[in-house]
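Undergrad: Sequence:
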Amino acid sequence: MRKITFELCAESLQACLAAGQGGADRIELCSALNEDGLTPSHALIKAAVERSGLPVYVLLRPRSGDFVYSDDELALIREDLLHTRSLGASGFVVGVLHPDGTVDIERTRELVELAAPLEVTFHRAFDLTPSLDRALDAVIATGCRRILTSGGHKDVVAGSANLKELVEHAAGRIIIAAGGGLRIENAAGVARGSGVSDFHGSLRRRSANPLVSNPNAALHSAFECASHVDPGDIRAMLQELNKT
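Counting in my numbering, the sequence shown runs from 26 upward without gaps.
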């Protein structure tokens with residue numbers, strides 16, 4: 026039986042604490058999940074490292090949009106990496122592409138070398154590349170430890186067959202981590218169909234909106250409700266993943 030690892034994608038201290046309580050193996054820490062994740066604040070990083078009891082991998086993404094970065098934006102990523110390492114992060118999550126969608130090996134390798142000896146995960150920018158097999162070899166060349174991917178599809182259910190092919194093509198050279206649309210109800214099927222051992226999900230629940238009784242609530246309609254993570258959901262996720 027293969028060892029299953031589950032990483033919680035967290036954007037709040039509450040989620041980080043739930044990760045520890047629920048038995049997650051690792052945290053990917055970010056902000057702005059509604060924009061597919063941005064670099065979190067240094068205060069949140071420090072608190073997550075000190076209080077979660079888990080390895081914290083920090084997303085390094087200075088803006089929303091594509092993953093083609095200017096020299097100035099790469100400088101921001103480097104500075105965030107160095108400061109985040111000083112706060113006790115266990116690893117980093119990055120993704121840098123060329124304008125044609127291929128992996129920017131040189132710039133990604135620079136970040137991997139700057140992070141050493143800490144691990145680096147190449148995130149779902151991988152799913153935007155024109156050839157997953159060629160992108161896999163390119164990411165391996167950068168020195169990244171793992172790739173987070175939905176198999177080039179909108180979610181891990183649709184991408185399950187591709188995930189299996191990536192695991193086979195990787196042949197132990199890099200870890201394939203399945204993430205994107207992973208739910209408790211589909212986890213067992215994805216684990217069986219893909220052959221993946223590393224999994225990634227946010228498991229967010231929407232909290233009740235405290236403004237519903239406020240007569241001026243309509244003024245705040247543009248703001249989303251807060252979210253939280255239930256430790257019981259993490260335990261349920263692990264139970265499903267380990268049914269393989």
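Where hints are given, some of them may not hold.
Stated by the list, open to error - The list that follows gives simulated cross-link-like pairs (lysine to any residue, SDA-like), each with its CA atoms no further than 20 Å apart: (1) K71 x S156; (2) K179 x L143; (3) K71 x Y94; (4) K268 x A196; (5) K189 x I200; (6) K179 x I165; (7) K179 x E144; (8) K71 x D91; (9) K268 x K71; (10) K189 x L38; (11) K71 x L38; (12) K28 x S222; (13) K71 x L143; (14) K71 x D105.
Calculated directly from the structure, the hints in this document are not laboratory data.
Undergrad: State for each hint whether it applies.
TA: Quick rundown of the hints versus the structure:
| no. | hint | verdict |
| --- | --- | --- |
| 1 | K71 x S156 | 37 Å, violated |
| 2 | K179 x L143 | 29 Å, violated |
| 3 | K71 x Y94 | 26 Å, violated |
| 4 | K268 x A196 | 23 Å, violated |
| 5 | K189 x I200 | 12 Å, holds |
| 6 | K179 x I165 | 23 Å, violated |
| 7 | K179 x E144 | 26 Å, violated |
| 8 | K71 x D91 | 28 Å, violated |
| 9 | K268 x K71 | 35 Å, violated |
| 10 | K189 x L38 | 34 Å, violated |
| 11 | K71 x L38 | 10 Å, holds |
| 12 | K28 x S222 | 6 Å, holds |
| 13 | K71 x L143 | 17 Å, holds |
| 14 | K71 x D105 | 13 Å, holds |
In terms of the numbered hints stated before, the structure departs from hints 1, 2, 3, 4, 6, 7, 8, 9 and 10, listed from lowest to highest.
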